[in-house]
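S.K.: Given next are the chains, with one letter for each unit.
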Amino acid sequence: MSPSEPSAAPQPAATRRSLRNKRQTSLVKLIALVAFAGACGALLRLLVGELIPEQGMKFPWTTLAINLSGSGLLGLLTGVAHVRPWMPDWVVPTFGTGLIASYTTFSAVILAVMPSVPGDAYDGLAAVTYVSPGAMEMLTYLFLSVLGCTGAAAAGMTISRALLGQLGAESADLRRRP
Amino acid sequence: MISELSLLIVLGVAVGGAAGAVLRFLLDRYLPGGLLAANVLACLALGYLYGELSWLAETGRVAEDGLLSGPVATTLALGVLGGLSTFATVSLRVAQRWMAGQRLRAIGLWTAHIGLGFGAAALGIALSRLPGLY
Chain Z
1 MSPSEPSAAP QPAATRRSLR NKRQTSLVKL IALVAFAGAC GALLRLLVGE
51 LIPEQGMKFP WTTLAINLSG SGLLGLLTGV AHVRPWMPDW VVPTFGTGLI
101 ASYTTFSAVI LAVMPSVPGD AYDGLAAVTY VSPGAMEMLT YLFLSVLGCT
151 GAAAAGMTIS RALLGQLGAE SADLRRRP
Chain X
1 MISELSLLIV LGVAVGGAAG AVLRFLLDRY LPGGLLAANV LACLALGYLY
51 GELSWLAETG RVAEDGLLSG PVATTLALGV LGGLSTFATV SLRVAQRWMA
101 GQRLRAIGLW TAHIGLGFGA AALGIALSRL PGLY
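Respectively, the protein sequence lines represent chains Z and X.
Counting with UniProt numbering, you get residues 1 to 178 for the letters of the first sequence.
Counting with UniProt numbering, you get residues 1 to 134 for the letters of the second sequence.
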């Protein structure tokens, strides 16, 4: 078989790989995209916090809703990227690492479950200050966040793979870092 | 609440969110365990900021025009630290490990993030109580 006529089986993978190599986005471009998307994600979180103010709530529902929705969306995106590997290489860093990961927050969750600090924090920290509830409620919040968000991410991945008709085709690709 | 949003805060959160996201992107890309480092760093800084602000409020010194004035604190907390820390990416990686059958690794990942994040936030609050830092 001549080199110009490769066998049929490895051809799609080779074509996809060469396409991805050709379209490799430069680091500077990626940083610019992540910065812009990160700004949008932070603003989106600010907006949701303003629409559903957490202050005065006995439970940080807003942060929970933000993290649940973000985890589900990231799962959906990763599932799509998994079954569509020829997607441009800037899509996952921009929408996953930039937009969605910046939209969700880990530090606010940890601070919320800290035993309350004497005195009131400054009012400007609207999304991280609220009436501090008891230890049991905070543990519940932590477990709800961890189990719920992991479940949402798994569901998102499964749903997008199922919708694209490739459910169970390959196991989760651990090398792909969103 | 919307009316309380000043242009300064919106700009600050946008710029801060961009900075935090880029820092996390680079940490995650070039440092093993970079995502954990990003989350722990954000917890440490948010703990310090929270402790410092509550200390100021407690002693009746409201930092209206100080280093940690309202817009600055919001920019740091909601912009930089919110952009630096992430919940969705951790959830996703845990879910991927769990679905790949690596149950212990999945549980260990959450344990590391929560344990170290909690410790870092406590350390941040403790640091804010040291005299002479602010």
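If you're looking for bench data, these hints aren't it; they were derived computationally from the structure.
Misleading hints may appear alongside valid ones.
What follows is a list of derived Cβ distance ranges for each label pair [as the list claims (entries may be wrong)]: (1) Z/Leu139 <-> X/Ser6: 24 to 30 Å; (2) Z/Gln24 <-> X/Ala126: 43 to 49 Å; (3) X/Pro32 <-> Z/Leu163: 46 to 52 Å; (4) Z/Ala162 <-> X/Gln102: 40 to 46 Å; (5) X/Leu123 <-> Z/Arg84: 40 to 46 Å.
The beta carbon of each residue, even a glycine, is placed where N, CA and C say it ideally should be.
S.K.: Mind checking the hinted window 40 to 46 Å against the Cβ distance between Z/Ala162 and X/Gln102?
M.R.: 22 Å, violated
S.K.: Falls inside 40 to 46 Å, the C-beta gap from X/Leu123 to Z/Arg84?
M.R.: 43 Å, holds
S.K.: Do the beta carbons of Z/Leu139 and X/Ser6 sit within 24 to 30 Å of each other?
M.R.: 36 Å, violated
S.K.: Please check whether X/Pro32 and Z/Leu163 have a Cβ separation lying inside 46 to 52 Å.
M.R.: 34 Å, violated
S.K.: Is 43 to 49 Å a correct range for the gap between the Cβ atoms of Z/Gln24 and X/Ala126?
M.R.: The hint (43 to 49 Å, Cβ to Cβ) holds, given that Z/Gln24 and X/Ala126 are roughly 45 Å apart.
Of the numbered hints stated above, those contradicted by the structure are hints 1, 3 and 4, listed in ascending order.
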